[in-house]
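These protein sequence lines map, in sequence, to chains A and B.
Just so it is clear: in the first sequence, position 437 is 437 by full-length UniProt numbering, and no numbers are missing.
Just so it is clear: in the second sequence, position 602 is 602 by full-length UniProt numbering, and no numbers are missing.
Be aware that one or more of the hints could be misleading.
Which copy is meant is left open, because identical chains are indistinguishable; a pair holds if it fits in one copy or across any two.
[To be verified] Lysine-lysine pairs mimicking PhoX-like chemistry, simulated, CA-CA at most 25 Å apart:
#, residue 1, residue 2
1, Lys674, Lys123
2, Lys574, Lys191
3, Lys531, Lys442
4, Lys534, Lys413
5, Lys442, Lys32
6, Lys191, Lys176
7, Lys202, Lys574
Calculated directly from the structure, the hints in this document are not laboratory data.
2 protein chains.
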Amino acid sequence: MARVSEDAALPTHIDVAGLGEVLLGRWPEARKAARERALDPRLHSNHNLTFEDQRELTFEQVKILRDAGTALVGVPEYLGGSNSPGANVSAFEELVLADPSLQIKSGVQWGLFGSAVLNLGSKEHHLEWLPDILNLNTPGVFAMTEIGHGSDVASIGTTATYLPESDEFEIHTPFKAAWKDYLGNAAVHGKAAVVFAQLIVKGVNHGVHCLYVPIRNDNGEFLPGVGGEDDGRKGGLNGVDNGRLHFTNVRVPRFNLLNKYGAVDENGEYSSPIVSPGRRFFTMIGTLVQGRVSLDGAAVLANQMALSIAVRYAEQRRQFNTDSDIREQTLLDYQQHQRRLIPRIAETYAMIFAHQQLLDKFHEVFSGEDDSDGNRQDLETLAAAFKSMSTWSALDTLQEAREACGGAGFMAKNRIPQLRADLDIYATFEGDNTVLLQLVAKRLLTDYSDEFKNADVGVMARYVADRATEAGFNRSGLRKLTQAFTDTGDARKSVNALRDPEAQRALLMDRVETIIEDVADEMRAVARKSKSEKAEVFNNNQHRLIEAARSHAQLLQWEAFTEGLEKIQDPGTKRVLTWLRDLFGLHLLEENLGWYLAYGRLSMRRGRALESYVNRLIARLRPYALQLVDSFGLSPELLRAEIAGTVEEERQQEADTYFRRLRASGDAPAKEAKPARDPKAETRGHHA
Amino acid sequence: MARVSEDAALPTHIDVAGLGEVLLGRWPEARKAARERALDPRLHSNHNLTFEDQRELTFEQVKILRDAGTALVGVPEYLGGSNSPGANVSAFEELVLADPSLQIKSGVQWGLFGSAVLNLGSKEHHLEWLPDILNLNTPGVFAMTEIGHGSDVASIGTTATYLPESDEFEIHTPFKAAWKDYLGNAAVHGKAAVVFAQLIVKGVNHGVHCLYVPIRNDNGEFLPGVGGEDDGRKGGLNGVDNGRLHFTNVRVPRFNLLNKYGAVDENGEYSSPIVSPGRRFFTMIGTLVQGRVSLDGAAVLANQMALSIAVRYAEQRRQFNTDSDIREQTLLDYQQHQRRLIPRIAETYAMIFAHQQLLDKFHEVFSGEDDSDGNRQDLETLAAAFKSMSTWSALDTLQEAREACGGAGFMAKNRIPQLRADLDIYATFEGDNTVLLQLVAKRLLTDYSDEFKNADVGVMARYVADRATEAGFNRSGLRKLTQAFTDTGDARKSVNALRDPEAQRALLMDRVETIIEDVADEMRAVARKSKSEKAEVFNNNQHRLIEAARSHAQLLQWEAFTEGLEKIQDPGTKRVLTWLRDLFGLHLLEENLGWYLAYGRLSMRRGRALESYVNRLIARLRPYALQLVDSFGLSPELLRAEIAGTVEEERQQEADTYFRRLRASGDAPAKEAKPARDPKAETRGHHA
């Protein structure tokens, strides 16, 4: 049924090894070493424990990572490190193969707690605290989020007030909503915390800053003034001891203010290299982008795990006789099963290439290759866009894989449900995905009005002309994109034009631009109105702004995929991956078909032809599905899912052999004779 | 921001109590008693246990239900029951409020194991086995699914061969793929099983039949010839002890064949009241529809739980200052948050009314009020349609609710993650949802060709005329539905026409009919071709057939909602619920907008206006959101989620009081002065 009708001389296979190397990205050795390490059974968690016991097990696993020296890769030479942020994050992402709790527990220690000291502190701070952070003498807490404020960090309630008389800061939690919450390492293991608080010096609030605060003694007891609560069991990640912290007039020396972006001198004078409080805040928060980058990578890897398991099973598993009385059909030969898995393979490839671009940019900024303001802002926007898309995609793909494997998919021994439970929180921690997409949308609006603001007459005229065309088109139904492809009388030919990558790009981009332009117009109309009127117009456009941000992220993924094709040498592989890129693009058009038709970007004829075209493209890719997931390089030993091996195939061979021998023996029972007349028989054979 | 612009004299509130009664359906007392019982802390599971301990706890809980006599409601008077299938299932569904594992563990015992004896056995079988099943002396297993065959039950490998010499049946598992799998009660507690096997009598296979087979002695040891394996930990429902069973030449008396639809007499002669083996099989399987009916009800209840928690939290939780410097905005005032929750409230109402119709029909059939063949078949189709839609909806809604509550949504103390983990398997057990939708589609195809087959000349002529119009329309872009509403120059007026319920119904129905007609045409074209050619055409249409089945199910939900409106007395409540029904209908149009535009059912103008119309409808419903979920009647004590109470509101009031006093005291720290000149400041305020 995997019909390939249109092209002669199809590639017989794809270059799994060569493609696999491309998919490993810029730091393949770091990834390979991490995968080797992930095979170590000591790093494989046991989830059939109380959450209290799981936490202890995970903490022991973090010590194994410490002994392997993994944390040193990301820190400067003067701390014994090799200062390769890209290699460090690459290896960190791969920890999801061992166990997500281990990934997050070590990420809290080195990626959040340690990175805050590294990126917000001075070299003196590094030398004072980082050695004990790296070697786990000081397990630590990243105390930013409060019960009352998660997404809106700028509004947290904890205060750090400078006391000139003792040259100290006093950390204080004024009410319950200002308790720090959801903090890894807070419930049990943390001995110190980096605490984000409103910095008050001489009666002036300088906004959120970060201070290093010891919280427990060596017996694990809270220090005076520090208190907390255990968050208890969670939906997943129960190897991480999340909890709450509060502070009652806790004093720390002035030295403990991480002072890279805001310092208090011995005279009690505040100073900052960034004059604007708003820009200072965003710069400080921006240094913590590593979490989003690495969650993106981990989520993309989870997709690869899910699809590796589900496709291998779907290639072996058979159910129902459809075109043969003897041999049942494999799941992956069913069109609907292809529809469920193959577009998700395409999306995963797009996200792999997108993540490579994100990680490269992260390395540029944090290694100092290019840490310009513009590059930092691009990094933040990309991280927000890709992290939200990939963490949602991981939940969707893991669920689809679970269901595609039926009851087997629900068994812990097949790994998928625990992965999904653990990754659930990835959609809202390190930035709630909805809020992140809104950030992306605001960036698009800002860029759009910047372009408008600085426009010379030429650009301005072009803009007006474009808008006029747009308005005219909306009234008349004329297409704006006629230059990209022309419609013909033949539905198949007309949809074939969509294989042109420039047509795909133009359509994907047009949707983003049109929505953003339209919202910008509405915002401009109320630019001089009251704050609440502006807020209302913005809110009335929130849904489509978020849709525009999503489409923008997908366009960036599409472009990354398209650029990634250039890295592939083998012509057959490149051809198959080009189909896969086309599928990614056309599936996006299909998902937003209502918009493309309502705004005249696609004709009704093309709209009607799209579904069957996508179906044919999927059928053409079906023979390569297994090789496409094999290229992810995830062995059954890494996946640790029984059905990712050959167990299903072996069971079927045993059954086939049994029935073959039975038929040959002549002892096979006969089928019951069909009744001579039974008028109602089979007339309602509505069961498959 | 909850702007209500179009209607004067809006209802000030809805009649929560009166609406709540309507939502309870035909057996309100059964539901109320079950809710009262669900408050009993002995029925609340502890999930912080090994799965082995969870199983024992859940088994103890089932004994509490036994002591309450809950299982008797569904059985005949001669067993001490009250023979009310509808009341029985109503109460059973509500168990999800206590714990899904408890629901499924008791459902295995009484709903599957017991029901098989009841519905497939004779009165002698009832009297022999049901008393011990009802009182838990015989915990039992429903042994249908095998490792190798889940959806395709007809192809199972286990055999039951009649032995004339001893007048016994021999149950045998010929190979590993024929091991029974995923069976509740099999791993630990089951003492007997109803085993589905190919019945072989005198060398003839009469197809799948069901036999009662003891499997363990009173010490919990397997009887001779019986073996098994523990399925171990699962993604959820760990209070249920799923496992595998296999049989090696296990003999049971001839009496143990449940013989309602197929019997073997003392001369070893097979007979059945249903001559056709195919029809016999589907009739037997059809008696087990209770599982699907009750999962539908449980899933709809899970939706109500998720939305009760998320909406109550969204009404209290505030984040970001948008239109005020002092007061932050509640989550539910954000358009995107409304978009996430309010259409799901509409869908849940539609599913509640749809489930009431399903349960009424179930009661008709199983109480004997109307157990005609036609009604049975309608029941099966409705159950397949609604169970698949609602179990998927529950996973989607629980996930959206989890994310809408942020980190709090991930905490076990807020209930959502465990519910979602437990309900995950509802999407594939008791019928894989994708397979169920395919059954619905096949029923639609059958009904369509029946109509065609029996058509008199008039119908035939009408059909040909319809098809001609359709084809003409497809070429010219003419609308088929012009009679339902006419387009005007005014976009808002033109979309307003969609508030007409007849327009909604016509559009929803048209989509189903058009797809089914189209596929039927393609199938007819190959009707005389080979089996494999027919299979290929069917497979090439599988995706859109499943989409048609989904749309059909949604149309039935829409109709149930519309009929449900008639039960509402209070005019204001009826008005609000009519908007909610409109939202359900228009949101379906929005989700399939590409189809409606590509096939000319909606104009481009209407297509463009739809999104903002839906947004306005959602905003109009927003003030009633809390009352709409309050009408579900789920108290905080039933929900057992911390954030479903008032904790968030109390924390905010404490913080507000703190800040108000601070401002009044004059001790509030000043904001840092804005810099006189900092050209880069705030130009990239792309963080919310």
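Going through the hints against the structure:
Taking identical chains as interchangeable, the C-alpha atoms of Lys674 and Lys123 are never at most 25 Å apart, the minima being 87 Å within one chain and 30 Å between chains. Taking the shortest Cα distances, Lys574 and Lys191 never come within 25 Å of each other, neither inside one copy (52 Å) nor across copies (59 Å). For the identical chains of this complex, Lys531 and Lys442 are intra-copy neighbours only, at 17 Å inside a copy versus 57 Å across copies, given an alpha-carbon limit of 25 Å. Taking the shortest Cα distances, Lys534 and Lys413 never come within 25 Å of each other, neither inside one copy (53 Å) nor across copies (38 Å).
Proximity of Lys442 and Lys32 under a CA criterion of 25 Å is satisfied in neither setting, with 38 Å inside one chain copy and 49 Å between copies. Taking the shortest Cα distances, Lys191 and Lys176 sit within 25 Å of each other inside one copy (22 Å), while across copies they are farther apart (53 Å). Taking the shortest Cα distances, Lys202 and Lys574 never come within 25 Å of each other, neither inside one copy (64 Å) nor across copies (60 Å).
Of the numbered hints stated above, those contradicted by the structure are hints 1, 2, 4, 5, 7, listed in ascending order.
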